[in-house]
Every structure is written in structure tokens, then in C-alpha cells.
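K.L.:
Got two chains here, each in a separate frame; can you build the complex from them with the hints?
Top to bottom, those sequences are chains A and B.
Counting from 1, one number per residue, gives the positions in the first sequence under our numbering.
Counting from 1, one number per residue, gives the positions in the second sequence under our numbering.
By construction, these hints were calculated from the structure, which means they are not laboratory data.
Please read all numbers here as calculations on a predicted model, not as lab measurements.
Some clues are possibly wrong.
[What the hints assert, rightly or not] Using 25 Å as the maximum straight-line C-alpha spacing, the simulated DSS-like pairs for lysine-lysine come out as follows: (1) Lys-174(B) with Lys-309(B); (2) Lys-107(A) with Lys-84(A); (3) Lys-239(A) with Lys-292(A); (4) Lys-98(A) with Lys-174(B); (5) Lys-33(A) with Lys-305(A); (6) Lys-295(A) with Lys-213(A); (7) Lys-7(A) with Lys-38(A); (8) Lys-150(A) with Lys-213(A); (9) Lys-239(A) with Lys-84(A); (10) Lys-20(A) with Lys-227(B); (11) Lys-285(A) with Lys-305(A); (12) Lys-20(A) with Lys-229(B); (13) Lys-309(B) with Lys-107(A); (14) Lys-7(A) with Lys-84(A); (15) Lys-53(A) with Lys-84(A); (16) Lys-553(B) with Lys-626(B); (17) Lys-712(B) with Lys-5(B); (18) Lys-5(B) with Lys-709(B); (19) Lys-134(A) with Lys-309(B); (20) Lys-626(B) with Lys-98(A); (21) Lys-134(A) with Lys-385(B).
[Stated by the list, open to error] Facing chain A, from chain B, some residues (calculated, C-beta under 10 Å): (22) Ile-293; (23) Met-298; (24) Val-310.
Backbone N, C-alpha and C define an ideal beta-carbon position, used for all residues, glycine too.
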Amino acid sequence: MSETVIKCESVYKIFGQNAKKMLEESNGNVDAKTFQEKGCIVGVNNASFEVAKGEMLVVMGLSGSGKSTLLRCISRLTDATGGKIFIEGQDLLELNNKELIELRRNKMGMVFQSFALLPHKTVVENIAFPLQIKGTNTEESIGRAMEMVKLVGLDGRENYFPRELSGGQQQRVGIARSLAVEPDIWFLDEPFSALDPLIRKEMQDEFLRLQEKLQKTIMFITHDFDEALKLADRIAIMKDGIIEQLDTPANIVLNPATEYVRKFTEEVPREKVLIIEDVMDASSKDNLGDLKVSKDEIIENVAEKILTQEKLVGVVDSNNNIVGSIKPSKIIDTVFGGRKNGS
Amino acid sequence: MEYLKKYPKLFQWLFLLIVFFALCFAIDVPETYKFIRGQAEFVKDPNQSVYFFLGKEVRYYAFDVFWRLPPLLGWLPIWINDSLFFLMNEWMPMEFWNEDTQEFKTRPLLLQISRNLTAFMTFLIELIREILLGGLETIVAFTSWDFIDAYPWLELPGLPWTIVAAGAAILSYKLSGKGLALFAGLTMIYISIFGQWKPSMQTLSFILVAAPLSFIFGLGLGIAAYKSKRVEKALYPILLVMQTMPQYAVLVPALVLFGVGDHAAVIITMVVAVPPMILLTILGLRAIPPEVIEAGRMSGCTNWQLMLKVLIPTARRDILIGVNQVIMVCFSMAVISAFIGAKGLGFNLLLALNQLNIGLALEAGLCISLIAILLDKMSLAWANKQTDYFGNLTFFQRNKNVIFFAASFVIGIILAYVGTFIFKGNFNYLFEIPHNKGISTADFWNKGVDWIFDTFFVYIKAFNTWLIQDVLQPMRALYLRMPAVATLVLAVGAGYLIGGIRSALVVAALTLFIALSPWWDRALVTLYMATFGVIISCLIGFTVGTLCFQNKKSAAFMLGVCDIFQTFPSFVYLIPVMMLFGITDTSVLIAVIVYATIPATRYTIEGLRSVPVGLHEAATMSGVNKFQRLTKIEFPLAFPHMMLGLNQTIVFALFMVIIGAFIGTEDLGQYILKALSDKNGAGIGLTLGICVAFIGLIFDNLIRTWVGKRKKHLGIN
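Same shape as in the complex, but just chain B (with noise of 0.2 Å):
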């Protein structure tokens, strides 16, 4: 009786699960149930159930409601695709003037909007193209075909590669120093001798176009957020639901609204990347010490000089990470839209990807990662960049970066038009090296693969089999044993031990969406690989972290490596591991745990970090051992945070397990690579997506909670 008095909150958790795993035993698997394969739904099956709804077909298996809900919002993607449809086709019609016919056309003021982005979006990334590869299509733009035709010497030339090259050099010279110099430097070559160079310029104007407007929009709106509480409450939902929502799902309804290519590339994109950025600018905006804000209204700065100058460079660091999110996700969705047609590295990765072709993969994988490090150290350097007012310099001084890069310029033409001579009739290797001509290492790769493969096979096939048949499978079938009811149970009741009535009822609707879409047992098993996932991935993050904090420089180090990790796009995770493991469900859960094992890590030391000097001096004054303090002052104190780095970890490991139905499982991303394809597959990529950002959100909103109660309760901020 008395540990119930004190510890009443672990007897509540008690019963919360004895009545889960009594609900689990009571309720059993009914003899029709299996694991419904892909591919099944297009089968005609007279043991289906079917509704209608809205006039819309539904078939189901249906069972004991106890056991699995029926699909009642099996509806869902079938209404939003009709609709999306009704939107993009018929929804009011208008007349628009068309230039080529030069007479009004009838057309949904949809289908023309959509057309119209489309059209600024494929001008910018095709003028940005022709700068850097060479081409002709933009100068059109500002002519016609007929003048065009007439001078055929106008069509622009690209740069030369070393031009591009000596040019990001110097950029990154003056921005930051010699190091970033020399990374560009080295960078820029790599792609080149590597033949690397024109997807890597088609990704790159692809980024230059996407992560400029992803910035600008972003802090417009979190601007706008941050000024008006309307605005902000209006977006929060967008802006939750965004987070968590895996970025394959939002390819499907944009490839219906803006059909294949780059353009739909860019304008998926800015969807996924301006949330972050708006978070951020927002929680950077109210980090401003009021008097800062004061001090720029008594210099009498108006309201547009007070946000340049003063608010928005005082909120830099969170705007600098909320470009820095920009950044990886373009990077990230720079790979992920080949699958809608996007040129680049992407697309090359893909195909090696596809192609088994470790080698290859890994090369345009570094490329990608290397320029992401690249403009993300760029930006950073140039965020930091001070003006120096009172070097006495001489015009030399002053001007010796734009003098560098014309005499580069110069030479790297000079050194093109040499090359003309040097490889006639031959490809010129001083202006471009193409793409399959320059060195590669795909076969050394390749073979070390293999070599790998034969030397280690039996190590490593024992270890697979291992994990799948006595870790993972049988895993798979507990998450599958669990009925719904049992679950909807488990859930609710967590709300409301952790959150009260309010929580309860948010994570009781976000469970039964996912209960009554049709995918209730994929979710579980997404849920089973994510778990998975977080648990080692936590396991490992904290222990990483824990010790990494033991001592500053390694400390620093172990962030600095957490960073350089986090620009990889996520795809790129893929690679090695299929290098080891092949096609398995091991190969996913690996990148898994990789992946998400950077949030673990990041937050544990960050919050063990957070734990004030004052408090550890207090602590070894009272002669704690090192052990001791550890446990009783800085976990306790750092474990907020560290559940927030959960939170971060449980987003990874869903985004990772979604991407990895690439390599093929059989949870929600595999419907979603599925619906990719499909003519239809809107709704069904859109609610599949939603799914899985629900099963975010439902840890989010639990941890969240728990994380605020417990920082008011040892009133940290």
C-alpha cells in the first residue's frame, strides 16, 4: 500500500499493461487471418467484404472488430484522387490566353496555375543549367526560335570545368579560408576527373534553384508566423503533420499536380523543406531578448529595418540550422525525385542503385554527399562573414578574388580552346569530361564487394539468418499479434497517464486513422522495423554520446561528425549496406540504426551538456565519483532532452524504414513505391503518408508532453 502512495504513477503504468497483454490473450487470432501480401487487394476474392461509401467501392477481409477494425476509411484515397482530379481537370474552367496560338484557350484555373509554376520553375533550373553545362533554351526565352536560328553562334557554352572549379575555390576562399578553399578545390576536381560532371551541375542547379526559394519562403513565412498569431495557428497542423510525413509520400499527389521532371522535383521539394525552416525562424524570433528589440526601435529602425537588421540576424543561429535543414532535405530530395523524373546524380545513384552496382552508387553517392557538405559549409561561412572597415588595403587587396577569378576564367578558356587541339575529334577533356569517360573506381569497389561477399559469406549469411529468424520474424508476428482494440488500448491509455484527457484524445484519433485505413497491419509492421531500429539506435546513441561527453574534444568531435553524417542524403545510407547484406530486411534495419543513431547521439550530448557547471560542482563537493555523478545528477537532469533526441530518432528510423522499401519490405513505403507508379496512386501515396506521419506524431505528442511536464517539474527551459 505504501509503495502505492509513492509511486503511484508506475502502478497506473502496471495496470495500463496488464490490461494490454490481458486484452491481447483474450482476444484471439481468427482462423482466416494471414498477412495480406502485396498485390492482393486487385484480386477478386468472393471472402472479401465490400462497401460503399460515397459511391466509392470498398473491398475488405473482414474479422472481429476486436481483432482488426474494418477499413472504414477505406474511401479516403479513392475521394481525394477523384477530387484531385476534379480540382486539376474540371474545377473552374477560365479563358487563358495562349501565346503559341495566339487565341484564348478554356482550361481549370488549376491545371493553369500549375502550368504556370511549372513553367518559372523549368526556366530557372534550365537558366542555371545553361550557365553551367551550356545550352540554348533560356536565351529563347528573351528571343524567338527565328533569331535564334538565324545566329547559331549564340547558344551559350558552358564553363569549363576548371573554370567552375577555380571559381568555387575562390568563392569559398573569401567566405571562409584556406581549408573550405581547399575542400571546394578538391570537390570540384573529384566530380570532374570522376565524369561526374554534368549530373553533378544538373543536381546542382537543381539545388540552386529549390534551396533559395525553400530559404526564402520558409522565413517569409515564419516571419509572418512570428507577427500574427492567426497565421501561426493556421500553419502549426501543416507544420506538425510535415514533420513526420516521410518525403517519398508527398512525390505521388505532387506528380499529379505538376506531372514528371525537374520542375515537380523543386516544387516538392520547397513543400518538404519550408516547414523546418518556418520551425526555426520561428523559434529563433522568440528567442530575441526583448530589449534587443527595443534597442532597434530607439535607433528608429521602421519595420522592415527592424526585421533585417535587427531581428533577423539576431535569430541567426536557428535561421543558419533552419538553412542547414534546407540544405540536407534538397540534397536528400535531390535523389528521392529521380523517382519523378529529376536529372542528376540522383537519377544515376538510382539506377546503380537498381543495377546492383555498389561501385557506381558509391561514387555518385560521395559526389552528392561531398557538394552538400560543400554549400553547407559555404552558407555557414558566409552567414559568419565579418566586413573589415579599416584594413588599409590596395586595390590589389581589395579586388584580388574578382582578379583571381578572371584570370582563372581566362586561363580555364584558354586551357578549353588548347584542349580542342590536343583531343581532336576526341572528347576535350579541359572543358568537360563526360559522364562514363573520366576515372572510376566502380570496378575496384565492385570487386572489393565481391571479395568481401565470398570471403565473409558464411559470417555474414549466419548473421542474417540469425537476425531474421530469431530476432526479427518473430518480432514481426508479436507486432502482429497485437489485436487493435489492445492497441487503441495501450495507446490511450499512455495519453493519458502522460498528458491527461487532452493528450488521450489527440493520440486516440491519430491511432484510429491509421486503425480504419486499410493498412493497419503494414503500419504494424512499419512500426515493428522502427522500433527495432530506435531501440538499438538509442542503445547506441547514448552510450556514444555518454562517453564522447567524458571529455570536451571528443565531445565536439563526435557533433562536428554528427553533422558532416546528417548532410549525407538519406538514400546514400543505402549503399554500404547493401554492400554487406544484399536485399534483406537486415540491409534496411542497418541504415535504420545508422541513420537514426545521429539524433541519439547528438541529443544525449547536448543535453548532458545543458546540465549547468554550478550543479556538477555542487555534485563533487559533495563527493560524488565520477559514476555517480553521472547517474544521479547529469541523467536525471540531461534526460528531457535526450527524450527529445528520441522523438528526432523515432522521425529518422521512419523516414529510413519508408525509404528502405526501395530495397523491398513489406510495410507502408512499399504501398507508397507502389502507388509512385500507379495512375491512380495519389490518394493512396497521400494517405499512405499520413499514416506513417501519424505514427510520428503519436510519439511526438507523448514525448512532447512528458518532456514539457517533466522540464516544468525541475524547472529547466
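Isolated chain A, as found in the complex (with noise of 0.2 Å):
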């Protein structure tokens, strides 16, 4: 794996008075219950992970599960309670005021549900405020700024003012704001949730599109399963503050690990979320058929293909080298089949 970006390790967010104290107490066993009993809140629970380098972790979760909490303990919106957090190998919660705001000049963006835009400020100059609070000049801010604005696709609306903007336009004007510095970590809590369908995947897959570009480290907290197969490289799934599964979409698919995983999983079509690879046997590559597929298709793209075959169907990597293959059954199996015991 490469370089760590973000580094959590048993990180508790407790709302209440008392509550280090409680914590201190509890050694790191904290029940939400007692806790509740005597006025406390858990918001998060003992969580440890890691995010690499331009990877994609979404944080999935039901309203009130402490993904919104978690994320803003990662950018310290709010302090946690217990725990450690490191960014590039920095002791988050040891920086003082100075270095928090550097950190965050510099190295964070922010995306937010409600867009949270500046209603006195137009397109332009919610995209150069982060730039002109940094201290560069008028000029350059919004020349940079008029580049976001192109980036984003808001061209011609640039002094437009926020309420005169539709929901995805808003948001894109603070998906630019949040890019305007350049960060490495890119943070974005339910950007999408307040749009409608239609929208909603216009700016997924333009969002998609973004990071291919850019790869930045990104954490995404969402409420949508779906939302969260589709961007993820790897998804945590949080219940009560709990972190219950951390793994990549095809895995969490494949192999819930807790009955409540599962539940999310149960309605998911596989076809589209689960790759060849994810389903290939790459024990055997003998006695293959004449169709060769790539390991990174999507299921539902070649499943046509594969079903007329009899025989074997090869699966190559990018380089056409055969790293396994795969039974024309096993995508029915797949598709329909063992929901209750994975692959």
C-alpha cells in the first residue's frame, strides 16, 4: 500500500460533561447504553483506519451512526474525545490553533450537505474566499477562481449570486470552493444528498470524472449504499458509532461480516457492482475458451457475452496477460444465486 494520508487509531467522539473523564474511565470499552444513562452521547465509537494516498474511502451510514461526527473529528471541527489522529504523519490534535489553520489552508477542503454557501458573495467570490483568506491577492484569487468555475462547468453564471443558483449548481460552487486551494485531502460530508436523483448522478459521475483527474486523498460520508458502491474504493459502514466493516465494495457485497451489513447488501444488484475479478477463479487458466475478458469489467457489461459461452471464458489483465477465468454459471450463481452465503 503507499503512503498513509490519514491515520486514525481508536478514535472516540463523546458528547456531554464528563465525558473524558468517562471515558478514562470505561479503558476503552464503551457501551453507548451506560453511557447514555448518565447523560452522555456517543458519537464515535473506537475507530481506527487508515486512507492511502488518492484513495476513496466512503463512510456509509444511517443518520444518527457518527459519520458526520467522525469527519468532523478528522478535520477537528471538532476535538475528539479520546484517540489519535495523524494527517501526513501530523499529530492533529497536538497542533495548535496557528498550525490547524495552516493545515487546513493548505492541505483540506471541505464539502458540505447544505452546500454552505456565502450568501453575500457571488459564484466567484464563494470559489476565491478560501484564497483571499489565505492572503493571496484579488487578482490572482479570482483569476484561479475563474478556472474552478470553468472546472465545475459554471461558466457565464460566475456573478450569479447563490440564491439565484439551482441545488447542483450550488453545490458545484462548493465542490470548487473546497478545490479552489488544491488540497491533498479532499473531505465531503453527504454532498449529494440534498439533490435530486437525476442530479444526484450527473454529479456523481462528473464527480468521478474530477477525481480521475485530480487524485486526491478523499474521505465521502453518505447515507446512500448505492452512492457509496459506486464511488468507493473502500467503504467503512458505521452503526452507533461503530465502525462495522471496513473493506473494499465487492468484498462488503460478497461477504457482509455483520447482520447489519447484510441488510444494505440484500437489495444491491450485484451485476453492476461487482467486477470479473471479483468473481473469477484465478486458480485455473487452462482449457479456455475462445472470449477473453477483461478483469475490470463490470459484470452486467460482459454477462451477455459470457453466458453464450460453454466453455471456459479466459479473463486478462490490462496487458492481456490471462490471470484466470470464470464459468459462464458462476455468473448466474453470482447474480442470483447463495445471497445468504456470498460467493
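P.N.:
Pasting the structure below:
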């Protein structure tokens, strides 16, 4: 694995008076119920994970699961009650105010669910805002902001006020603003949740296009499992402040770790989520038929081709080397059968 | 029995009213009781009772305690007065360096602070005044008299009115556009050709000091309260009292602390104008969505940047309402503080009103109102201004406003110079049109008033007599007939029924304070006038508001009218009514009604507007007609907001009733006015002010508690 950018070690966030003391007394064994009886609410419970450079970690959970709180701990919008958080090796909780501001000015960008645009500034002023806060002069910051306006496809609307834009357009401004300082780390807090389904899909595609180009390290919060599957390199599923499972989309779909996770995976159209590599048999590479498919293909796209074959179908990587094979019946198995026990 | 279960509140209220009336009938009017006319307290009547407390002698007419409570707080005003005197003249004497005499001098601390503050304010006002009108005092502050004597040409000439007019128009154009520029230009021209230039500029210089200072202090304290709960808790009771305290009442203590003149006026104005600014700042900051604050933090804002670039601009709407309030209060005070020797339009207005020269008063009043509206619109436009980054402008386009101003500056000076040849040995009309030398329409108005009076005298007189004899006098008698204990029971009972024990206790404390002060009778008279005004205002306001709401355009128009009317200084309302009804209670009451109708109308429209569109549609689909929709859906939902309007209406009415003392009423206001000319009036004025404020607070507490509960019940916020 490449360089780690974000690293969390047993992060806790507990709201309420005496939270810190109670956490110390519990020795890391935090039970939400007993805490609640004493007037404390557990937001994040023992979260440990790493995010590598250029990776997109999607944190998925229903409302109240603590996913936004986790994000706010990592961006230090709230201080974690316990645990350690490292950003590029720097201990986040040890930073003083000035260092934190420097970090945010240069390394972090964040997109918000309700867009959080400044109502008194135009599109271009909103985007230029983080630059101007840094002290970049007007000409340069506005010039840079105009580039961002073009990047998110809002040309011609740079002098509009947020109130004059649709939700999708406002979120484009939010995205552009978060990218204006060219951050390495990109936090997105349910950025598409407030949008209509069609716009949401469009924005997701656009988001993937941007990420392909920019290769940021991303933490993406969502309550939409399909969105998580579509975007994520890895998904963390949270419930009541606890990370239930953290894995690649394919593994989550194929091997749900808990009953709670399984409930999400049940309705998932696997053929749309899984790629050939997830279901191929890497051990047998002989007796292949004529058809070869790429290991990165989504099953849905090649299922019809594979199903017409009688022999084993060869799976190749990008260099056309054979890396495994797949039985046509395996496709049917994956899509229709064995919901309960995965692969 | 079933009814009793269904409407328990209704029966509780009925019970309360029955108890109240029973008490009223059970407690007889003592034979010796009569309404004490003014001046009575100076007569040493052997029938009076006397008690001593803290060494202060309090004389009063004793009645049955059920009828009127004895003025157990009668010592308070005297005590406040003495304490103030002690603080000012004896407390903490310290050595201070005196520049003039070059030696140390012993002075009480507070006196020194007051003197320094006074000097600072005077300097600011004079500085602006000299730029606008000419003079040399402030130059002296930087140099010395000797220096000035040696170079007489150093005296700063005032700007010719042409330049100020052009400047105002250009500034307005830059801020907003042609409309405002035209308005600014016309206002300035009106002011100068009607010979109001000098007083207007005096008033303006007063406003230009008072308004920005009030804004800065209000904003600063508002931010402090937003950041720290402790500051908020400390400020809250003061804000509450100041909100319902009549502006008049603050004058008297300020007189003691700061003396007479413009500087004192500025300080009082700040005392009055800062509280609403604080409240609105807190309100605005509280309403900011948390994500916007987080967005600011994530953009790497320092605390300062967050406050200046994110929080304050985002809370702009409420803060601007605050600015509007500040300007409103400043102009209002510009008139009222004429009582303590502030120069300017207010002084002329008061003088004209005193001489019953309605025409002159009208012109001065119009001047104040125009300047008020102009400043209000300009500050609004300034806050909403946008920067254009992309316009590829030439040097001329970018700097055209500066160039135009420079040009008009030169032209103005040339004109003024030319004027010295044209109007030789006379007044130079192109430089400044002196007071009373401009055009005046006063005669026209006065004749108009005379004509109206002559023509309609019979009708006006008849109406007046009817109103006073058949409505006002009986109403007043009824109010005075209420025994103190019955009133207390009514107030406390209402408090309990609306807000439980807590409200009951608050209301009881506030009422008791008034009942134990020496002015219970006066408070009842104040209350009767305010009630009368409020009832009529609400009837008009709710009706007009409801009618205007039926159509989007008329609603917007009405709100605009309310805005403009609200900008008028309260004193201005007295002019037209005095024109018609002379010096009677009717005049005061009509002014009260006009003034208090503004919030009633505004809140009705706003309340009806806030009813969600979805509900409208749901109602329409249920097949209701317009009238049903109004009565079944819109009124119940808008009612809490309309009640807040009632709250404002009461405050406005109380203010106007107190100001009405100027015309001559027999309420608390009359005593406040009297305290102004009393050497020992500070304590009396302050206590009276607190009494009025408490009347307002009783209603404020009841209404707010009720509205809070009702809104919770309806699930609206």
C-alpha cells in the first residue's frame, strides 16, 4: 500500500459533560447505553483506520450513526474525546490553532451537505474565498477561481449569487470552493444528499471524472449505499458510532461481516457492482475458450457474452496476460444465487 | 361539566375575571380619594402621611391598602438622586493633570470620566460640523490659539451647499443608482432652499457621530454576547428594560452625568440605540447555519476572519435591520434631545411646536424625515453593494464618481465665489442660504390650518367633545376606579394562567414595583391611553394588514410604507395632529394610533405571509373559499406572529403616550417632562422611566410566553 495520509487510532467522540473522564474510566470499553444513562451521547466509538494517498474512503451510515461526527473529528471541526489522528504523519490533536489554520488553508478542502455558501458573495467570490483568506491578492484569487468555475462547468454564472442557483449548481460552487486551494485531502459530507436523483447521478459521474483527474485523498460521507458502492475504493459502514465493516465494495457485497451490513447488501444489484476480478477463479487458467474478458469489466456489461459460452472464459489484465478464468454458470450463481452465503 | 373539561382555560379566565370584578365592586372608593393633579406633591398638606426611610422623607396620601398601596418605594427616586450626586461629586477623588493650569487637580473619578467623554464627543461633533458648516475649534485642538490668531485665514470654511448636495447625489448614485441619487439631490436642494441648511447640518453632524458609534458598540457587544453566555446573561435584563424604556426618561439622568448639549445627546442616543442593535446582532449570529461556520473554518479562517468575513456578512439581514433601528432611534433622539440643548432641526421643531407654528414645524419635521430616509436607504444600499471584477473599465469609467465629485467641488467653489459678487453685502445664497432667509411655506400651512380650523371647526369640535366626554373620560374613570389589589390579582392571575408560577412571579414583581411607587394613578392614566391607542391601532392594523395581504403587490407596498413611516422620528407625528386637534388628549391619542398602527400592520402581513404555501394548497384542495381559508387556516397559524406585533404595538403606543406629555397629558410622561427641568429630577425621571418600562415588560412577558407556548403547540418556529 502506498503512503498513508489519514490515520486514526481508536478515535472516540463523546458528547456531554465529563465525557473525557468517563472515557478514561471505561478503559476503551465504551458502551453507548451506559453512557447515555449518565447523560453522555457516544458519537464515534473506537474508530481506527487508514486512508492511503489518492484513495477514496466512503463512510456509509444512516443518520445518527456518527459518520459526520467522525469526519468532523478528522477535520478537527470538533475535538475528538480520545484517540489519535494523524494527517500525513502530523498528530492533528497536538496542533496549535495557528498550525491547524495553516493545515486547513493548504491541505484540506471540505464540501457540505447544505452547500454552506456565503450568501453575500457571488459564485466567483465564494470560490475565491479560501484563497483570499490565505492572503492571495484579488487578481490572482479571482483568476484562479475562474479556472475552478470552468472546471465545474459554471461558466457564465460567475456573477450569480448562491440564491439564484439551483441545488446542483450550488453544490458545484461548493466543490469548486473546496478545490480552490488545491488541497491534498478532500472531505465531502453528504455532498449529493440534498439533490434530486437525476442531478445526483450526474454529479456523481462528474465527481468521478474530477477525481480521475485530480487524484485526491478523499473521505466521502453518505447515507446512500448505492452511492458508496459506485464511488468508493473502500467503504466503512458505521452504526451507532462503531465501524461495523471496512472493506472494498466487492468484499462488502460478497462477505458482509455483520447482520446489519448484510441488510444493506441484500437489495444490491451485484452485476452492477462487482467486476469480473471479484468472482473469477484465479487458480485455473487452462482449457479456456476463445472469449477473453478484462478483469476490470463490470459483470453486467459482459454477462451476456459470457453466458453464450460453453467453455471457461479467460480473464485478462490490462496487459492482456491471463490472470484467471470464469465459468458461465458462475455469473448466474453470482447474480441470482447464494444471497445468504456470499460467493 | 363537559364544557368545563373541553375548555378548562376558558373557565379559568372567566373565573379570574369574576374575581377581578368582584374585588372591584367589593372595594369602595375612599371618600377622601381624588386624582392628584400635578404640583400637588409640593403642597404640604396636613392630611398627608409621612414616613422616613434611609433618612429620606416621603409624604403621601394614605388610603385603604386595598384601594391604593402606600408608596413604600417613594424613597427610591430621592435615594437614586443622592447616590448619583455622591458618585459624581464625592466618590473616589483622584489627582488629575490639568493641561490648562499646568497642575494637578483633585477631582472625583466619575466626574473626570464624564468630562473626558464629554470632551471627546464634543470634539467629534465639532469636527464634522466644521467640515459641513465651517469654523475653527478643532484646528485649535491640534495647534493652539496663538497659532490661529497669527494666521486668521486658517479658519476652515464650510462646504457650499451645492457641493454637499452634489456629493450626496454622487455617493447615492455610486451606492445604488439613479433613483437614490435623484432623491438625495432633491432632499439636499429642499433643505437648502428652505433655509434649513444650518440646523440640518448640525443634526447631521450629530447623527454622523451617534449612529456609527451606536452601531460599533451594538455590534461589538452583540458579538461578545454571542461568544459568551455570561456576557449575554449580564446584558439581557438591561436590554429588556431598555427596549421598553421611553427615550424621554433616559434624558434626565444623562443630564446630571453629562450636562447639557450635543455631547450629552450623543451619549444618550447611544444608550437608547445600542440595545436594539445588540439584540439584532445576537439574533442574526444565532441564525447562521452551523455548516456555514464550518465552511469558514475549513477555509482556514482565523477567528477574526471568521467573524468579519463569514459571520457578520451572513448575519447581514438582521444586522441591517439593526442599522435601520439605530438610524431611526438617532433621528428620534435628535428631536427629543433638543430638550437637553442639542442644536439642530430638533430644536427648531420643538420651538415651532411650542409656538404652535405648525407650518415651520412641518418644514423642520419634513427635513428630519427626509434625511432619515436618505441615510437609511444609503446604509442599506452600501451593505448590499457588489463588486464588479470583470468589467473592462477605462480609467474614466472606474473613477467617474471621483471625477464628478472633484468637478462639482470646483464648480461649487466657483459658484460660491461668483456669488460674492452677485449678492454683494448681502447673504451669499450660492454658499449657504441662512436660516429663515430661504423660501418658506410656513405661512401657507399655517393659513391652511387656520382654514381647516375655521371651516371644520364645528365638526372637529363636536368629534373632540364626543370623544373626550363620552369615551375617554369614562374610560379613564374606569381605569382609576380599579383598586390596586384587584389590579394585582388580575395581572398575577393572567401571568399564572399563561406562563405558570414563573410568569406570575415576574408579573407580580413588576406590577408591585409600580404599585409601590408614588405614581400608581399616573401609571393607570398612562395605561388607559395606551390601551385605547392599542385597541384602535390593532383594529386598523389587523384589518389593513389582512386586506393588503390579499394581493402580493399591495402587501409589498404596505410593508414599504411601514418602512418609511417607521423612519420618521416619533415627534414628527405630533405635527399633523396638533394641526387638526390642537392641544388635547385627542391629539395625543391620534398620534399614538398612527404610530402604533405601523407594527400592527407590519406584523399582520408578515405573519400571514409566513403561512406555508403547502397549507394554502391543501386548504384550496379541501374546497375552502377565501374567507374560510383566512379564518380557519391563515389566522390561527399567523396569530402568534400577530401577537408579537401586538407586543410591538404596545411598546410603540407607550412611547408615544409618554412623548404626548409634550402636548400636555396627565400621565407618567408629564412627570418625566417635569423632572427634566428639576434640579433633582434624575432619580424621579429614571424611576418613572422604569415604571413605564415595567408596564411594557408586563405585557411583553405575558405575550411572549403565550406566543412561545402557542408556537410550540402549532409546531412552527
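K.L.:
Against this structure, judge whether each hint is valid.
P.N.:
Now the hints, each set against the structure:
Among the hinted pairs, Lys-174(B) with Lys-309(B) is consistent with the structure: their alpha-carbon atoms are about 23 Å apart, no more than 25 Å. For the hint linking Lys-107(A) to Lys-84(A), the alpha-carbon distance of about 19 Å falls within 25 Å, and the restraint holds. Of the pairs offered as hints, the one joining Lys-239(A) and Lys-292(A) is violated, with about 41 Å between alpha carbons and a cut-off of 25 Å exceeded. With a C-alpha separation of about 39 Å, the suggested pairing of Lys-98(A) with Lys-174(B) is violated against the 25 Å cut-off.
For the hint pairing Lys-33(A) with Lys-305(A), the CA-to-CA distance comes to about 53 Å; that exceeds 25 Å, so the pair is violated. For a cut-off of 25 Å, the pair hint linking Lys-295(A) to Lys-213(A) stands: about 23 Å separates their Cα positions. Note on Lys-7(A) and Lys-38(A): the hinted pairing is violated, with a Cα-Cα distance of about 31 Å set against a maximum of 25 Å. For the given pair, Lys-150(A) sits about 14 Å from Lys-213(A) by alpha-carbon distance, which is consistent with the 25 Å threshold.
For the given pair, Lys-239(A) sits about 21 Å from Lys-84(A) by alpha-carbon distance, which is consistent with the 25 Å threshold. A C-alpha spacing of about 23 Å is found between Lys-20(A) and Lys-227(B), which places the hinted pair at or below 25 Å, so the restraint holds. Between Lys-285(A) and Lys-305(A), the direct Cα distance comes to roughly 19 Å. Compliance with the 25 Å bound is thereby established for this hinted pair. Distance hint between Lys-20(A) and Lys-229(B) is fulfilled; the C-alpha atoms sit about 23 Å from each other, no more than 25 Å.
For the hint pairing Lys-309(B) with Lys-107(A), the CA-to-CA distance comes to about 21 Å; that is within 25 Å, so the pair holds. A C-alpha spacing of about 8 Å is found between Lys-7(A) and Lys-84(A), which places the hinted pair at or below 25 Å, so the restraint holds. This hinted pair checks out: Lys-53(A) and Lys-84(A) have alpha carbons roughly 19 Å apart, not beyond 25 Å. Annotation: proposed proximity of Lys-553(B) to Lys-626(B) holds, straight-line Cα distance about 18 Å (limit 25 Å).
A hinted pair counts as satisfied when its Cα atoms are at most 25 Å apart, and Lys-712(B) with Lys-5(B) qualifies at roughly 22 Å. Under the criterion of a C-alpha separation no larger than 25 Å, the hint pairing Lys-5(B) with Lys-709(B) is consistent with the structure, at around 20 Å. Between Lys-134(A) and Lys-309(B), the direct Cα distance comes to roughly 13 Å. Compliance with the 25 Å bound is thereby established for this hinted pair. Only pairs whose Cα atoms come within 25 Å are accepted, and Lys-626(B) paired with Lys-98(A) is rejected, the gap being roughly 61 Å.
Note on Lys-134(A) and Lys-385(B): the hinted pairing holds, with a Cα-Cα distance of about 24 Å set against a maximum of 25 Å. Hint status for Ile-293(B): holds, given a least beta-carbon distance of 8 Å to chain A, under 10 Å. A distance limit of 10 Å between C-beta atoms decides the matter here; for Met-298(B) the minimum to chain A is near 4 Å, and the interface restraint holds. Because the closest C-beta pair between Val-310(B) and chain A is about 7 Å apart, less than 10 Å, the hint holds.
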